[in-house]
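Colleague: Protein chains in written order, with the UniProt record's numbering: chain A, 1 to 392; chain B, 1 to 85; chain C, 1 to 402.
What you were told as hints is all true, and nothing was included just to trick you.
With the Cβ distance kept under 10 Å, some of the chain A side facing chain C (calculated, not the full set):
(1) L181
(2) S185
(3) R188
(4) H213
(5) T264
(6) S370
(7) G376
Rather than coming from a laboratory, the hints here were simulated on the basis of the structure.
Even for Gly, the Cβ is constructed at its ideal location relative to N, Cα and C.
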Amino acid sequence: MNATAINPDPTSGQDVREHTLAITGWGVVTSLAIGADEFTTAIGEGRSGLRDVTGMFDEDLPEDQAFAMPDFSVRDHLGRKGTSFFDRSTSLGLLGCTLALDDTDLTVTDDNRDRFGIVLGTTAGSIKATSDYSRETLEGDRPFLVNPVLFPNTVMNCAAGQSAIWLGLKGVNATVAGGRLAGLSALRYARNQIRRGYADALLVGSVEEFSPHTAWFSHRQHAAEEGRVKVGEGSAVFVVENAEAVRAQGRTPDAEILAVEVGTYGAPGREPDAGAGLADCVGRALRRAGVEPSQVRAVATGESGIARLDDIERRGIEAALGAGVWRVRAKEWVGECQSASGSLQLAALLAGHRGHPELDGAVSVVTSVSPDGGVGAAVLRGWHRARGDHRS
Amino acid sequence: MSEAREKHLDELREIVAEVLEVEPEEITETGSFVEEHEADSLRAIEILARIEKKYKIDIPQSELPRMENLKAVHDVVATQAGWQD
Amino acid sequence: MNRRVVITGLGPVSSIGTGVTAFGRALRAGTSGISAISSFDSSGFPHYMAGEVPDFDPKALLRTLSTAEWGRTSLFAAAAARLAVEDAGIDEKVLAGAAAGSSIGTTSGESQVIEALTAEWVHSGLAEVTPAYAAQVPASRLAAAVNQELRLTGEAVTLSTACSASNYALGYAYDQIVTGDADYMIAGGADSVCRWAHAGFYRLGALTEKVCSPFDKDRSGILTGEGGAALFLETLESATERGAHIYAEVLGYGLNCDANHMVAPDPVSIAACMRRAHHNAGITPADVDYICAHGTGTPANDAMEAQAVVEVFGTRPPPISSIKSMLGHTMGAASGFGAIAAALALDEGFLPPTTNYRTPDPELPAIDPVPNESRPAQPRVVQNNGFAFGGNNAITILGRVA
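Hey, can you work out the whole structure from these sequences and the hints?
Modeller: Below you can see the structure in the form of structure tokens.
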């Protein structure tokens, strides 16, 4: 079956600009760097976030190194009060949100908080917090002696819900369990909320934590893939607004998200071919964005050294954009951060624009591929700003 | 004040302080958890749960409204645990 | 593009019945789906009842998926979707070639898979966990399972906004069709009964012993439940063209966030969510003929919900009943079952009851909980409430096609 024939272009004849999103600030939390400017510097210098993680947990880890933050404590950034019982995903997500707000010229006020929300992507919330909670019920003869205050950490929307409380954001609050597609799925969810007029501004991003659980789960599945990127953790969060409104206010965004397209095809090795599906997604996204393949300067891919997934991504990109397009492999700097990956790939592209006016208006693409047949692509156009802009 | 009472109060103070995210010395015997330390129902149940686990006792949730400060917590626990403080 | 969106297929996989006929019959009869827990060893727990689906047989319901590759919750989602498509009577090949996708809500995703992995961790260590289980952890697999089962090539999105997630999913699916991004969508939710939620709700003092009695004076909490709920959505034009049976139209929805407390609901914020839903659906409170309640049966939720309803609707609100009295709290599937119940109420002309209702609660504002027996009625517009941990409020509005 020809994948291109499956989905007609739904935007034909419409003004694509009304659907675009502006990013007016962003924040990242990674082992490489914390904060947009710091991340920009670290990427520019080509540093790696790989760290020694031995002794980070009581449990043994499958590998001594990971793209993780052994010394990270949310208390160092946000204080003790209110943070003691946060799971790691919540801490990373909330810190990403606060950093994104620090980086934008938009402020939260009583006038806008009802229409200012949060959309965060995840794999399955804090898997460690959930599994720890489950473990408590398996030990001792009174299985119900669990900690009430930790119960909210077992729901996947904990990071988004706690962030809303911390920041006082009463608009739509959503959690998208997208796995490897989470970054793109969160952007798509946000785009829908804004174009339908349900929200004016959203903190949009995705989160993944490093734990013995995530490390072993990954190791048990992929240990045979020798060249694979080691696992990591982090978050990237973007302040997203209606691009037209931002332009009307005379503000220059960091980027415009021109299109986000996703699709579902066969798992690796099954029909319909996900490589052709990704090519179709990229092509559809470019058409929605009103951009020619030849205008694409770079693609930030989710490639991570797992051959069956990388193969899908490479074939999809080559079919849509040609073999010569520059592939930015963000995971070499930040690790395999699963649900945070798509957002970190986008952050890596934005880092390329910060402080570089010569790249203003350049178009780039983010791609993601999941082991369950999901594929996706976002098209964006970036602008520079001086470092430190908007910082108070 | 008996030594046992003092010891129990210190242990309870430790639990309450950790749940309410303050230093133990900030928890006075009669200071209201809600008004002075922003306690809510979830934290109140957490305090109760930790006490039950530590002393291996059962405290009915109907006692929660009473457990509004350290002294009241001690009184409730003393009754349930049979302390002669 | 502003297309009207209708519901033409319903797929319940529930403790009170699987398939629209059985589910509808049970809903009218006020059947209880509560039984002694069998999906985990409940010894040691003072309470041991839940709304399980013990006769769930994914092999009998699914045609494409290899059931061994998927967790219980994904199978619930896929089976519900399969039933919804069969009920809609649409050609599978048409769907597979169309712009069609799914949005599925959940609270705990593949909770039983995570519990199996945790048990392996306790017994033999993380280094020995089963790789196939590890691969099933991502909750994204719920929607992926739906798309793979039905060979849908469009978006598959899992929304994990806890106990209002199905309403998020229904709202998103509705928007996809309104805007023309999709022509057909499966919306709904799925969750599985699990040990940690049973323990957590018990410890919060929010788990009742044997009977869930929402809005009753002596209500004492929830019972956890499970299942899969799916609704098949298409445009009014397409449904009319193919002569499909139309259960209801999706008129709109509203979302907001308490931003106040992770577990304690906020009636002011919930009232604001109702108003937002009405606004988006282009209706006023006076148009609403029935409210399918969130109605968990905890003292706090039901008091707050009744208070918010009176705040928005005045002192004579429309009848409001809770199907959780029969199903227990099916978590991320709950507002999906609520939407199915709402669609059936509109289509068949009845109001589902709040069962186990004995004594009016003098502390609540005066409401009509449709006590114990379903009631013949001809509702034209129904409001379906969903609230959640994290203050994630989501309300959908369904109506009879006018």
